[in-house]
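Visitor: Listed below, chain by chain, are the residues.
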Amino acid sequence: GQSLEQPSEVTAVEGAIVQINCTYQTSGFYGLSWYQQHDGGAPTFLSYNALDGLEETGRFSSFLSRSDSYGYLLLQELQMKDSASYFCAVLMRGGGNKLTFGTGTQLKVEL
Amino acid sequence: DVKVTQSSRYLVKRTGEKVFLECVQDMDHENMFWYRQDPGLGLRLIYFSYDVKMKEKGDIPEGYSVSREKKERFSLILESASTNQTSMYLCASSSTPDTDYEQYFGPGTRLTVT
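If you read the sequences in order, they're chains A and B.
Going by the numbering used here, the letters in the first sequence line up with residues 186 to 296, in that order.
Going by the numbering used here, the letters in the second sequence line up with residues 38 to 151, in that order.
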């Protein structure tokens with residue numbers, strides 16, 4: 186089966202840069218996605234990497250290396266509102282556009 | 038804006054009851070999903086559907102069934118609720134990966150089985 190590993194918790198200060206890693210053991214997937222979930226809220230889509238390399242969307246960037254079975258989400262200029270859980274997920278080939286999620290990383294941003 | 042709605046935010050049921058969780062999406066998406074979310078375990082796929090009346094098992098289908106009679110509606114059924122099904126249940130929908138990689142989630146239903 187597929188598995189995606191993330192650190193359970195990361196703490197950083199406001200204004201800093203933080204990287205959340207995702208290592209996976211799976212194959213045959215379209216790409217790697219990242220989702221953000223605030224406490225009590227629904228997961229919301231942040232980014233998608235179909236190809237190896239860096240994708241940048243404002244303060245957030247995401248990276249994928251298929252040869253290393255590794256990806257990361259990079260958050261710059263951290264703000265208090267970035268405190269949330271972050272999930273990586275692989276978009277699986279086959280019918281249904283199915284995602285397999287990692288266990289999630291809780292990011293705490295401190296003053 | 039894509040909207041995915043779920044029938045209840047909070048639900049309390051007794052062991053052995055039959056439970057229906059409803060999900061509706063308004064974007065004409067082909068694919069719909071049911072997940073459960075538990076602390077430390079992330080989101081785990083229970084069932085998904087890629088077309089009306091079509092369904093496929095996800096990673097943890099035991100104890101659950103689903104129904105998709107109309108494109109916009111996907112129901113999760115707990116035939117006989119048990120305490121280990123106490124969890125947050127999230128519904129999501131998506132289009133095809135050729136056009137859109139995103140899954141759109143509903144607000145979730147927190148189910149407690151006593």
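Keep in mind the hints are simulated off the structure, nothing from the lab.
The reader is advised that the hints may include incorrect statements.
Unchecked claim - If we take Cβ atoms under 7 Å as the criterion, some of the chain A residues that face chain B in the derived model are:
#, residue
1, H223
2, A227
3, F230
4, Y233
5, L236
6, F286
7, G287
8, G289
9, T290
10, K293
For every residue, glycine included, the Cβ atom is placed at its ideal position computed from N, Cα and C.
Visitor: All hints, please: hold or fail.
Guide: These are the hints, each one checked on the structure:
1. At its closest, the beta carbon of H223/A sits 12 Å from a beta carbon of chain B; the interface hint therefore is violated under the 7 Å criterion.
2. A hinted interface residue such as A227/A counts as satisfied when its beta carbon comes closer than 7 Å to some beta carbon of chain B; here the least separation is about 4 Å, so the hint holds.
3. The beta carbon of F230/A comes within 4 Å of a beta carbon in chain B, closer than 7 Å, and the hint placing it at the interface holds.
4. A distance limit of 7 Å between C-beta atoms decides the matter here; for Y233/A the minimum to chain B is near 4 Å, and the interface restraint holds.
5. For the restraint placing L236/A at the interface with chain B, the shortest Cβ-Cβ distance is roughly 12 Å, beyond the 7 Å limit, so the hint is violated.
6. For the restraint placing F286/A at the interface with chain B, the shortest Cβ-Cβ distance is roughly 4 Å, inside the 7 Å limit, so the hint holds.
7. The criterion of a C-beta within 7 Å of any C-beta in chain B is met by G287/A, whose closest approach is roughly 6 Å, and the hint holds.
8. Restraint check, G289/A versus chain B: the minimum CB separation of about 5 Å is within 7 Å; hint holds.
9. A least Cβ separation of about 10 Å between T290/A and chain B goes past the 7 Å threshold, and the interface hint is therefore violated.
10. The closest approach between the C-beta of K293/A and any C-beta of chain B is roughly 16 Å, which is over the 7 Å cut-off, so the hint fails.
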